[in-house]
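Participant: Model the placement of chains B and C on the given structure of chain A, informed by the hints.
Chains as they are written, first to last, in numbering that gives the first Met the number 0: chain A, 0 to 180; chain B, 0 to 180; chain C, 0 to 180.
Do not rely on the hints blindly, as some may be mistaken.
Which copy? The list can't say, so a pair holds if one copy fits it or any two copies do.
Keeping only pairs whose Cα atoms sit at most 27 Å apart, straight-line, the calculated DSS-like set for lysine-lysine is [stated by the list, open to error]: (1) K147 to K158; (2) K18 to K48; (3) K147 to K18; (4) K177 to K33.
None of these hints come from the bench; they were simulated from the model.
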Amino acid sequence: MSFQNLQSFKHTLIIGASKPKMILWILFNIIFFKSAIPYPSIFKSFILKLFGANLGIKIVFKPCINIKFPWKLSIGDYCWIGENVWIDNLDFVIIEDNVCISQGAFLLTGNHNYKKQSFDLETGPINLKSGVWIGAKAIICPNVICNKNAVLCVNAVAKKNLSENTVYTGDPALPVRKRIS
Amino acid sequence: MSFQNLQSFKHTLIIGASKPKMILWILFNIIFFKSAIPYPSIFKSFILKLFGANLGIKIVFKPCINIKFPWKLSIGDYCWIGENVWIDNLDFVIIEDNVCISQGAFLLTGNHNYKKQSFDLETGPINLKSGVWIGAKAIICPNVICNKNAVLCVNAVAKKNLSENTVYTGDPALPVRKRIS
Amino acid sequence: MSFQNLQSFKHTLIIGASKPKMILWILFNIIFFKSAIPYPSIFKSFILKLFGANLGIKIVFKPCINIKFPWKLSIGDYCWIGENVWIDNLDFVIIEDNVCISQGAFLLTGNHNYKKQSFDLETGPINLKSGVWIGAKAIICPNVICNKNAVLCVNAVAKKNLSENTVYTGDPALPVRKRIS
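So that you can see chain A by itself, here it is in the shape it has in the complex (with noise of 0.2 Å):
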């Protein structure tokens, strides 16, 4: 017996966006986001509006970003996005005020019910609070908030929320010290 028959799989996903947008969106994403040219940050800022993203002032948008769906991300004040990061948000993605994603970093939003033959698609939102540093090569998990001035190290993996104002390494990412000024 198989635990996961994907051919009894079920397209439950809500993607939120009528067909001819979400095509629209895959040809933006290659052309503008996914691409190495530095096109200007507010241009892609102006573009993601245009999809549905909520977007505050002044975010950083480096080259070879990949989005899965501008309508499901809000990002706050004064943001930085850094060089292909992975948004992968199936599910919303809130990330407030001062928030540094760095170069590399990985916001995971599904999941799989391994218990089922069905396989059914679980999506969780991620929550990023204000003056959260996302390191690079770091992995979000679905449904993991980070909060307030929280650090996660390079290449670390947040399984579960994050402290405000500590900081965390390793998979699962775990507290080593506190963020004091």
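Facilitator: Structure of chains B and C alone, referenced to chain A:
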């Protein structure tokens, strides 16, 4: 003394294809597989078969996949190959039925003998049995067999065989629980 | 209170090249290095030298390499730079002879002072001594020296210096055995 004297390295890899076929595959890999354009999976299956892959039915191929040698690839029925999956199959990769390889996973089949100055390439096959789920950004090392219904969690690194119906996490991947329905 | 107030961030990075040179390099990096087309290594060496890299002989450059600043890069003789290697050298990266950097490895030279509101950028050089092998998907952090013949295994993260003739694994990378022939 330097252990690895890369000047003395000998190319011993058996590519398993003629030079024109190899060059053509590099082109097709770039145009149809590494591309972010979502070409239909059935079309990608057709191309892979032309190049000698042994494929079952209803395989889903997401965009941005990197495959080294299709003629050393076998995939069963109802499998999913996620976005940004990298099948670096210098050696044979045998994937059975109902296997899910999530986004960003990496199948590594090459190693070097670091005890020899000639730094000999040593390849090893990978075998993913039916019902296996390889999580996002997970890594499978050479010579690893993932037995039926094994689950490798996000970011985990399988350096040894995975047992049936067992969930693994971490680097190196260690068993954390049974997969029960 | 937010620790990092990204509005107050000052760009202190010394790029080390004129703006036209920087823009030209971004283009050449996209066209010849990040590209999946397997241009000859000798041609890539030629281009890197034009941009101020200090290179030895017989260096192998695989496709899909991302280099930040060639004028802050030095590579000795008989080195290999694997596919999808990312040399994010805001600071100097000095690679000696017979060094192998395997596919997907990441050299990180930037950090931020997370104790300061201004979130100051702090860069640190990386030095890979002769005979070092950086495994696939491994990460080197700023200010790290990998001493002669050190081996960093697949997916490991070097946060401190690696000792001579020693094999390291994990995050953070810890010594597991001596490298003996």
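Participant: For every hint, state whether the structure bears it out.
Facilitator: Now for the hints, and whether the structure bears them out:
1. K147 to K158: both (17 Å within a copy, 25 Å between copies)
2. K18 to K48: Only inside one copy: K18 and K48 sit 18 Å apart there, 30 Å across copies, limit 27 Å.
3. K147 to K18: neither (37 Å within a copy, 37 Å between copies)
4. K177 to K33: Neither, since 35 Å and 39 Å both go past 27 Å.
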